[in-house]
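Using the sequences plus the hints, can you model the full thing?
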Amino acid sequence: MTSGPFATWRRMIKEHGLIKTVFLRVDDSVTRITTGLNINDLRSVLRGDAPGKPNPRVKPHTESALFHIVPSFYHEAVTKFYPTFRLGMLSTMLFFVEIMTGLFLMIYYTPAPGTAYDNMLKILSNVPMGQFIRDIHRLAAEFMVVAVWLHMGRTFLTGSYKKPRQFTWATGVILLIVTIGLSYTGYLLPWDQLAYWAVTIGASMADAAPPPEVGQAVGLLLKGGPDLGAGGLLRFYLLHVFALPLVAILFIFVHYYKVVRHGHSLPPEMEQIGEDTARKVSQDKRVPFLPDVLTNELVWFGILMVALVAPVALNIYTAPLEHAANPSSTPLHTVAPWYFLFIQGWLKLPPVLGIDSKTFWGVIFPTILVGLLLLWPYLDYNPSRRYGDRRLALAAMFVVIAIMVISSYMGTPGFAVTTAPQIEIGHEFMPGEQVGPVRAIPFDQMLEGTWSTQDLEAIPDDAPQLRHIMEELAATIAAVPPVQVINDKTVLYSNMFGELTISVAQTRDGEPVLKELILGIHWDEEPIDPVTGQPGYFVYTYVSSDSNYAAGGH
Amino acid sequence: MQSKIFLGTLLFIILFVATGVVLLNEGILPEQQTTPTNPGTGRMQIEQRAILGGSTEQGALLYLGNCSSCHGRNGEGVPGKGPTLNPDLFTKHFPQIKSTLGGFGGTVADFIRLTISAGRPIESAWAIEQGGYPQRMPTWGKAYGGPLTEQQVEDIVNFTIGWEADAGAAQVIEFDAAGSDVNKELPAGDAARGEQLFAQQVKQASGSNASCTACHSLVPGEVKTGPSLAGVAARAETRVAGETAEQYIRQSIQQPNAFLVPDNPAYVANGKSLMPEGLGNLMSDQDLADLIAYLLTLQ
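Sequence order for the protein chains is A and B.
Numbering follows our numbering, in which position 270 of the first sequence is assigned residue number 270; successive positions increment by one, without gaps.
Counting from 1 along the second sequence, just add 554 to a position and that's the residue number in our numbering.
It should be emphasised that the hints constitute simulated quantities derived from the structure, not laboratory data.
Among the clues, some could well be false.
Beyond 12 Å from chain A on every Cβ pair, some chain B residues (computed) [as the list claims (entries may be wrong)]:
1) T589
2) R603
3) I651
4) P701
5) N712
6) V736
7) E739
8) D744
9) A753
10) G796
For lysine-lysine, the following DSS-like pairs were computed, each having C-alpha atoms within a straight-line distance of at most 27 Å [to be verified]:
11) K122(A) to K696(B)
12) K635(B) to K757(B)
13) K358(A) to K348(A)
14) K59(A) to K635(B)
15) K285(A) to K696(B)
16) K80(A) to K558(B)
17) K646(B) to K635(B)
18) K489(A) to K348(A)
19) K258(A) to K280(A)
Across the chosen pairs, the derived CB separations fall in these ranges [claimed, not checked]:
20) I39(A) to I559(B): 18 to 28 Å
21) Q556(B) to I39(A): 51 to 61 Å
22) Q454(A) to F566(B): 53 to 63 Å
23) L394(A) to G574(B): 11 to 21 Å
24) G574(B) to V370(A): 24 to 34 Å
25) I303(A) to G574(B): 12 to 22 Å
26) A65(A) to Q556(B): 47 to 57 Å
27) I316(A) to I559(B): 28 to 38 Å
28) Q556(B) to S64(A): 24 to 34 Å
29) Q556(B) to M270(A): 51 to 61 Å
30) I316(A) to G574(B): 13 to 23 Å
31) G574(B) to V352(A): 49 to 59 Å
32) G574(B) to R47(A): 50 to 60 Å
Glycine included, C-beta positions come from ideal geometry on N, C-alpha and C.
Written out as structure tokens, the structure reads:
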């Protein structure tokens with residue numbers, strides 16, 4: 001018998017000749033990689049031939065770890081856009097995009113307060129494609145939150161959570177929570193003002209968990225200290241890159257496996273009430289996963305990636321980055337991430353049953369809702385999935401959506417937060433964080449001098465953007481009601497006007513490189529500004545010629 | 555099926571092309587690099603400048619809120635509170651540090667960072683030379699017990715360093731100095747302007763503040779290094795026989811060592827007056843005449 005090195009090769013060459021042997025070995029390798037399809041099978045897939053019998057294309061579903069969690073065939077009815085809208089698949093793809101871009105970002109990131117923000121600046125300015133990857137990571141995270149919510153809404157709409165898919169729904173609720181958790185923990189990592197304060201709002205909710213002893217312990221566990229600091233950042237980081245992805249992967253597998261087990265639920269009108277025929281698909285209604293569904297999914301992946309890459313490549317979307325986190329300076333109008341605005345809105349509601357707002361609306365009520373969501377399939381006793389039989393449930397769904405939208409609006413600073421108009425105007429035109437309209441005036445149009453909303457004609461024609469912003473300022477000021485009640489005091493805002501004073505703060509080779517902009521707001525009953533000692537209200541800012549705000553810099 | 559394959563292929567081509575275009579624009583090509591003559595045209599190079607620009611803006615704001623009350627809005631210094639930073643820091647102070655303290659290996663940025671962060675718990679030789687300041691530079695960095703984060707200190711450093719580019723240009727002021735010649739004809743003095751000079755509300759011809767108040771009080775009997783100038787006009791009248799008060803005061807400013815008040819060792823060290831020499835080099839004839847006119851009003 002042949003023995004020694006390459007025994008099989010030598011034996012095969014003796015038997016078949018060299019060329020045939022190479023072909024057989026490659027064929028063997030392809031079969032291993034595809035877990036069941038040899039070169040001929042693969043070729044017939046690509047040519048669009050009908051599969052042979054027994055169908056070799058089913059093999060990967062039984063042999064491969066990845067393919068065994070997707071069904072080997074779909075019912076023709078669920079391969080259309082309705083009823084799935086591809087939302088579950090898109091969520092999974094977005095999760096995959098997040099893992100890939102996240103791994104890249106991890107290379108350049110250290111979760112420590114002193115370095116995290118520096119790392120962000122390095123990623124933006126010193127890593128080729130760094131900003132591109134970060135923007136996609138951020139955008140895909142927003143997409144993912146949307147996709148998961150919509151997926152859940154769709155499942156409710158078509159009643160697909162009903163028997164036998166109750167547990168699938170429950171794992172989906174957990175995946176929703178994990179998705180929001182991933183997005184939220186990632187929000188903190190840039191360690192800028194936006195991240196720090198938005199997360200501080202949410203993390204303070206943990207402190208409000210009843211009873212106080214528990215709240216304190218939970219808050220301490222999450223934040224690693226009384227305030228967010230080095231400990232908190234590290235914990236959020238570990239949740240973001242390790243714990244939550246682990247839970248997500250586990251539940252995605254369970255969630256997917258349940259789909260293999262029960263099949264995709266058919267459009268409600270196709271089935272008898274109380275019946276589930278998703279697994280009883282006649283041969284002529286079957287669409288095989290390989291190659292039809294997979295091709296379809298790859299096309300969707302392409303569409304998704306273009307939807308992510310296009311706004312980033314065209315500079316339509318840029319992930320925000322504000323100034324480095326400063327625990328001792330709270331920016332005006334701190335808001336939670338948009339998907340948590342509804343809770344911020346609830347926090348403005350009055351206490352219930354003697355429980356303070358933060359504890360009731362921030363902890364108890366959301367917990368009840370999550371519990372209700374998890375258990376909903378077990379509570380809903382209506383066996384029918386048909387729209388006509390579920391008028392109450394569908395009405396309830398739209399009421400809940402409306403409540404969420406209204407609550408989210410209530411979470412914005414525009415609702416039930418009274419700030420003096422001069423502060424609002426100052427914040428709107430020259431915010432402490434982000435760019436704002438005044439700073440976005442092109443540098444060479446920031447003409448030295450004092451420009452007043454009372455004398456717009458004085459602004460030279462070669463500064464159209466300066467004039468435009470001053471006109472907007474004039475319009476905003478004109479819209480201020482002359483009499484306002486602020487903190488129970490009546491204040492007269494008559495004869496209000498604004499002044500923008502621009503001067504050169506620094507030069508280089510005689511050219512201005514830094515300009516000082518002072519926005520002064522004046523009215524009849526103006527107080528003495530505590531900083532300048534002058535009557536009126538003043539906001540200061542500086543703009544560097546390198547900052548690029550006019551061209552969309554951030 | 556064919557149309558899907560076509561669409562998918564098209565989408566992936568778009569993806570690769572778009573990503574490639576982004577990559578080529580990033581700033582990895584040789585012609586996009588920053589050189590002494592070329593500011594660099596890649597996205598990363600523009601971003602680097604924008605980050606520095608943004609830091610400078612933040613620094614300017616922090617400087618305005620925390621530093622300007624003692625060092626002036628444009629670093630010109632506030633007499634009696636804080637020394638001139640722009641341009642003295644770059645043209646005099648730091649060069650002096652480099653030449654006298656051989657052990658300081660850092661750049662001017664390192665020096666500014668050090669001084670802002672750790673403050674000046676002990677009066678520096680420079681401050682003493684400037685006439686001394688009643689308040690020390692506080693510590694600003696969090697690591698030294700101050701209020702500012704490392705990033706904020708860095709922002710202020712970036713703003714302060716921005717003065718350096720034009721510091722040399724700003725420093726050269728051409729004028730005819732009064733010097734040490736006590737016999738030169740002086741124009742008529744304006745006592746009101748002399749008072750402003752003394753109170754450091756206007757500058758001398760050199761662009762710097764008159765440093766009288768650093769050592770001389772106007773409160774009778776108060777000694778701040780030098781004697782109180784309350785009643786100086788009356789004293790000057792009788793100090794040296796044959797000299798008028800005007801002559802005596804003028805000599806004291808231009809030639810402080812020409813006459814040492816006998817039996818007054820508090821104002822003398824190593825046989826020389828503590829009154830610095832060369833003050834006349836910082837003022838014009840008019841400045842000198844105005845100051846003398848003012849001092850003569852202090853009967």
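Hint by hint, here is what the structure shows:
1. T589: 17 Å, holds
2. R603: 4 Å, violated
3. I651: 23 Å, holds
4. P701: It is violated; P701(B) is separated from chain A by about 7 Å at its closest Cβ, not greater than 12 Å.
5. N712: Contrary to the label, N712(B) does not stay out of reach of chain A, its closest Cβ about 10 Å off (not over 12 Å).
6. V736: 40 Å, holds
7. E739: 38 Å, holds
8. D744: 30 Å, holds
9. A753: 20 Å, holds
10. G796: Correct as stated: the minimum Cβ-Cβ distance to chain A is 52 Å, above 12 Å.
11. K122(A) to K696(B): Distance ~23 Å between K122(A) and K696(B) Cα, so the pair holds.
12. K635(B) to K757(B): Holds: K635(B) and K757(B) sit about 15 Å apart, inside 27 Å.
13. K358(A) to K348(A): Given pair K358(A), K348(A) holds - Cα atoms ~9 Å apart, limit 27 Å.
14. K59(A) to K635(B): 84 Å, violated
15. K285(A) to K696(B): 70 Å, violated
16. K80(A) to K558(B): 14 Å, holds
17. K646(B) to K635(B): 19 Å, holds
18. K489(A) to K348(A): 22 Å, holds
19. K258(A) to K280(A): Distance ~16 Å between K258(A) and K280(A) Cα, so the pair holds.
20. I39(A) to I559(B): 18 to 28 Å: Since I39(A) and I559(B) have Cβ atoms about 19 Å apart, the given range 18 to 28 Å holds.
21. Q556(B) to I39(A): 51 to 61 Å: 22 Å Cβ-Cβ, so the 51 to 61 Å window is violated.
22. Q454(A) to F566(B): 53 to 63 Å: Cβ of Q454(A) to Cβ of F566(B): about 58 Å, so the range 53 to 63 Å holds.
23. L394(A) to G574(B): 11 to 21 Å: 47 Å, violated
24. G574(B) to V370(A): 24 to 34 Å: For V370(A) against G574(B), whose Cβ atoms are near 45 Å apart, the range 24 to 34 Å is violated.
25. I303(A) to G574(B): 12 to 22 Å: 19 Å, holds
26. A65(A) to Q556(B): 47 to 57 Å: With a Cβ separation near 31 Å, A65(A) and Q556(B) fall outside 47 to 57 Å, so the hint is violated.
27. I316(A) to I559(B): 28 to 38 Å: 29 Å, holds
28. Q556(B) to S64(A): 24 to 34 Å: The hint (24 to 34 Å, Cβ to Cβ) holds, given that Q556(B) and S64(A) are roughly 27 Å apart.
29. Q556(B) to M270(A): 51 to 61 Å: With Cβ atoms ~29 Å apart, the hint is violated.
30. I316(A) to G574(B): 13 to 23 Å: At roughly 19 Å between Cβ atoms, G574(B) and I316(A) fall inside 13 to 23 Å, so the hint holds.
31. G574(B) to V352(A): 49 to 59 Å: 57 Å, holds
32. G574(B) to R47(A): 50 to 60 Å: 31 Å, violated
Checked against the numbered hints listed earlier, the structure breaks hints 2, 4, 5, 14, 15, 21, 23, 24, 26, 29, 32; every other hint is satisfied.
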